[in-house]
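Asker: Given next are the chains, with one letter for each unit.
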Amino acid sequence: MLAMVGTLPFEEMELKAGETTFEGGNLKMGDFEVMPGLGTSAMVASACITCKALNLESPYFVTSGDIGDGKRSKELYQYVAAKLVTLNPTVLTMHYIMPDIAGMTDILNSVRERRKEMTMIADAGAMYAAKATGLAQKIDIFTPDAGEMAYLADPKATHPAYVEHLLFELDPSEVITLIQKAYETGNAPKILLVKGAIDYIVEDGQVVDTIDEPSISAMEAIGGTGDSLTGILSALIYGGYEMVDACIKAARINRIAGKLAQPDPATSIVGIINKIPDALKEVKLCV
Amino acid sequence: MKIFERIKKTLKPKGKEASKKGKGLIILNEVSEAMQAEKMLKSFGYEVRGVAPPPEIRKGCDLAVEFNLVDQLGVERLLRRGNLDPLEIVALDDLSQKPLDITREKDFGRYFMVTAANMKITVDKEKGTIVNISGGGCPDVPYLSVKLVGNRITEVESPRQNGYSLCAYMLEKAHEKALGMISSQQPVTG
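Heads up: the protein sequence lines correspond to chains A and B, in order. Oh and the first sequence: position 64 is 66 in our numbering, straight run, nothing missing. Oh and the second sequence: position 84 is 91 in our numbering, straight run, nothing missing.
Each hint can be trusted.
As a list, the in silico PhoX-like pairs of lysine-lysine whose alpha-carbon atoms are at most 25 Å apart:
1. Lys28/B x Lys49/B
2. Lys28/B x Lys192/A
3. Lys140/A x Lys28/B
4. Lys54/A x Lys30/A
5. Lys154/B x Lys76/A
6. Lys105/B x Lys158/A
7. Lys46/B x Lys76/A
8. Lys73/A x Lys49/B
9. Lys154/B x Lys30/A
10. Lys113/B x Lys261/A
11. Lys73/A x Lys85/A
12. Lys183/A x Lys28/B
13. Lys132/B x Lys261/A
14. Lys251/A x Lys140/A
15. Lys76/A x Lys49/B
16. Lys154/B x Lys18/A
17. Lys183/A x Lys105/B
18. Lys46/B x Lys73/A
19. Lys28/B x Lys76/A
20. Lys113/B x Lys134/B
21. Lys28/B x Lys158/A
22. Lys154/B x Lys134/B
23. Lys73/A x Lys154/B
24. Lys28/B x Lys73/A
Hints are computed from structural coordinates only; laboratory data are not their basis.
Input sequences plus hints: build the corresponding full structure.
Answerer: What follows is the structure, given as structure tokens:
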């Protein structure tokens, strides 16, 4: 099972869990439908469309409505910690959620002997929580951008807002310095997929590959392009690709989907998600 | 002292240090204000507690309110609503830490993007509309994106009005800068 966890921006929505598909431009779980936008919905939609193209089972999505007060995020942490062993996913991807040190610790403690058989990916709030908890090394893959990389590189910061000025002011081309600092201080997992003008694939502190083509500068401005990358990556690992290989392929597929959508900075993420199947064909992962 | 107790004492400080991680401190003018703030924030479900401020940042009141830093924006808004004006809000594990106050701008021709920490906002220079919001990780970011994208930056409520988290706090910084950039242009028409 590919399990995906994250909040959706609805104030009253209670916790929902189930198989999820992406049809007609909407994310669907039972009677519930939402058009993907920035955040968890874009990530899950991208995983759904990738799984479908690769003939894989649809993701199992665990979500709840949270507009920022963190109440339903807490429920989500508790639910996942309680159910993780029963759900028994081979890939667990955690995404937009209120960073909660206790909640993340509970989830990581709940895995125990199942940990070796499970690939754990954290992005967005879940990544912030894992780093703030000092448990980054318990996760397999983080997918930060340059700003988030500065956060991982700053051992004192418990949120990207509290990053040292010096690290934020580093030129994006100096991202390797940030990568080194993050590994030196134990605040990075085994694998990093650092997204940006150049995507860096890092294993145990070493840059093993970089992807910079096709180069679509507008993608940096489009909300959800990092989320689509995490969704594609999760699906590829669920499909059996080894972690580093999956990072390289996901970075390329996401860029190609962007190129095919011919975006400008005002483009919506749905336009790019819809191009993922064509991008998969272009890299010959499906016909 | 028994050996067991000495070992226990040696090991204990680690837990205390860990408990400061991700916590912030609200410094107010008077004890009564701190008590009022603690009561109000608790009533809205925030995990807070009254604590003695460290000597190096003691500025008057000898009671401060500890809270989860990630809740900073929501906490600040509630304090404002309650007419409570903190002297300072600091990160407890490093008292010199303050949220980033610098932004970075990128020109895309018809559009420009402003980055503040992990948050980005992109605005159409011609129409003055917010066309995309990107980055972040806290749950209010997708919510704020729905509320802001597609609307004129001069007409929307700022992220501070509806956000709760540090991500929203940084989006506010980016929004402020972008608003300033649009306002300094010729009036937007159409």
